[in-house]
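> Now for the letters of each chain:
2 protein chains.
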Amino acid sequence: MIQKRANPDHPILEVLQTRWSPRAFADRPVEPDKLKRVLEAARWAASSFNEQPWSFIVATKEQPDEYAKLLACLIEWNQTWAKTAPVLLVTVAKLTFSRNGNKNGMAKHDIGLAVGNLTVQATAEGLYLHQMAGIEPDKVRATYGVPEGYDPLTAIALGYLGDPAVLPADMQAMESAPMVRKPLSQFVFTGRWGEASPVVQ
Amino acid sequence: MIQKRANPDHPILEVLQTRWSPRAFADRPVEPDKLKRVLEAARWAASSFNEQPWSFIVATKEQPDEYAKLLACLIEWNQTWAKTAPVLLVTVAKLTFSRNGNKNGMAKHDIGLAVGNLTVQATAEGLYLHQMAGIEPDKVRATYGVPEGYDPLTAIALGYLGDPAVLPADMQAMESAPMVRKPLSQFVFTGRWGEASPVVQ
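Read top to bottom, the protein sequences are chains S and B. Residue 64 in this note's numbering sits at position 64 of the first sequence, and the numbers go up by one each step. Residue 118 in this note's numbering sits at position 118 of the second sequence, and the numbers go up by one each step.
Treat the hints with caution; some may be incorrect.
Where chains are identical, the list cannot tell them apart; a pair therefore holds if satisfied intra-copy or between any two copies.
What the hints assert, rightly or not - Here are the simulated DSS-like cross-link-like pairs (lysine-lysine), alpha carbons at most 27 Å apart as the crow flies:
1) Lys4 <-> Lys69
2) Lys139 <-> Lys4
3) Lys36 <-> Lys103
4) Lys103 <-> Lys34
5) Lys139 <-> Lys103
6) Lys94 <-> Lys36
7) Lys83 <-> Lys182
8) Lys61 <-> Lys83
9) Lys36 <-> Lys4
10) Lys4 <-> Lys34
11) Lys103 <-> Lys4
12) Lys36 <-> Lys83
13) Lys34 <-> Lys182
14) Lys61 <-> Lys36
15) Lys61 <-> Lys103
16) Lys94 <-> Lys182
None of these hints come from the bench; they were simulated from the model.
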C-alpha cells in the first residue's frame, strides 16, 4: 500500500496533507454511516446566494446493477481503475439560480467547494477519493434523465486505499509518483500580475 | 459576536461545522504565518491533470494602497462590508491547460477545490472568510494586468470575526440569520434523477 503525502513548505492540517488521489481501492465497502457523513459535509459548503447548485448521483457495489450503470458513464480509461472503488459518484451542476432563473456563473466553482468539503470529511474518515473530469455527460444525461439546465460535471471514486498490484503496470507507476505543486510565489501576487506577494515570502 | 454553526443531520468535522460567512470582521491583522498556511492549503488541492489553474491576488491593510486598489475591484455593495476585513483576495482562473493549450472546463471547479482547502485551514486557524461573486472582472484585469486566457472569478474577505454593530442595519440582520440547507434526499440520487438515494436514508 502506498501512503503518499503532500510535502508543504508551511505546515497545514493533517487532513489536508494526507489527501491524495489513488486509483487502487481496497475490496472493502464504505460503512453506511461514513458515507452519510461524507455527503453531509458537502451539504454545508458555501455557495453563491446559497443556491447549493450541486447534486450527486451515487452507486455502491452493494447494488451491482446501479454500480455498473454508473461505471458505464465514465470514459473507458477511467473505468479500468475506477471499478476497484466501492462507491462511485457523479456530480451535476444546476446552471441557473432558482431565485430568478438567471445564469449561475459560479455553479461549477461551487461544486468544487462542496467536493472540497466532502474530501476533507472523507479523508478524516480514513477514506480516499479520486475525481475525474473524464465522464460521458450525454450518457449520464440519458441514463439518469438529467433535465435541461443541469450539467453532469465530474465523477468521484471513493473508498479505502488498495494494493496498486490490482492496476495495470503504467497506472501502478503513476500511483507512486510524488505529489508536486508550483511554489506559492508563482501564483500568489500583490500589486501586479506575476509579482510574488510579500505575504508568501 | 455571533457564533453561527451548521446544523447537520449527521455529525461532521468541527472545522466544517463552524464555518460560516460573516460580513463583520475584527480590526485585527492576520498573523503572517497563518496567512502563509492558509494559502499553502490551497496549493495542495487536487486539480484536473494537476494543472493548478488557480492564482490569488492578495492585499492586506498593512499595505493601505494595495488594499484600496483591491477593495475598489469589488462591486459597491460588497465594498461596504468587505472593508472591515484585514485581508482581501481575488481568485483568477487559467482557462486553458498549460500542457496542450486546450480549454480547461474544470478551471472554475478546481478553484472551488483550492478555496475549499483554504477555507478549512483558515477555519482551523480561528479565521473566517466570506466569498464574493460580486467583483468587477474588467477592473481586476485592468488594475493588475491580468493576461488573456485568465479570468478573475471571485473575491474573498478573510479575518477574525467582528462585531456586527460595525455593519449597516440590514446586514446585521443577515449576520444572525440561521444557516439553512436542502436535505440530502433532495440532491443525492440513485437510479434516476430526483430519486433519493438509499445511501442517505
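> Could you run down the list of hints and mark each one as holding or not?
Status of each hint after checking the structure:
no.	hint	in the structure
1	Lys4 <-> Lys69	neither (31 Å within a copy, 41 Å between copies)
2	Lys139 <-> Lys4	neither (34 Å within a copy, 41 Å between copies)
3	Lys36 <-> Lys103	neither (30 Å within a copy, 35 Å between copies)
4	Lys103 <-> Lys34	neither (34 Å within a copy, 36 Å between copies)
5	Lys139 <-> Lys103	both (24 Å within a copy, 21 Å between copies)
6	Lys94 <-> Lys36	within (22 Å within a copy, 34 Å between copies)
7	Lys83 <-> Lys182	neither (31 Å within a copy, 31 Å between copies)
8	Lys61 <-> Lys83	within (9 Å within a copy, 50 Å between copies)
9	Lys36 <-> Lys4	both (26 Å within a copy, 23 Å between copies)
10	Lys4 <-> Lys34	both (22 Å within a copy, 25 Å between copies)
11	Lys103 <-> Lys4	neither (40 Å within a copy, 30 Å between copies)
12	Lys36 <-> Lys83	within (21 Å within a copy, 38 Å between copies)
13	Lys34 <-> Lys182	between (33 Å within a copy, 20 Å between copies)
14	Lys61 <-> Lys36	within (16 Å within a copy, 42 Å between copies)
15	Lys61 <-> Lys103	neither (36 Å within a copy, 34 Å between copies)
16	Lys94 <-> Lys182	between (32 Å within a copy, 14 Å between copies)
Checked against the numbered hints listed earlier, the structure breaks hints 1, 2, 3, 4, 7, 11, 15; every other hint is satisfied.
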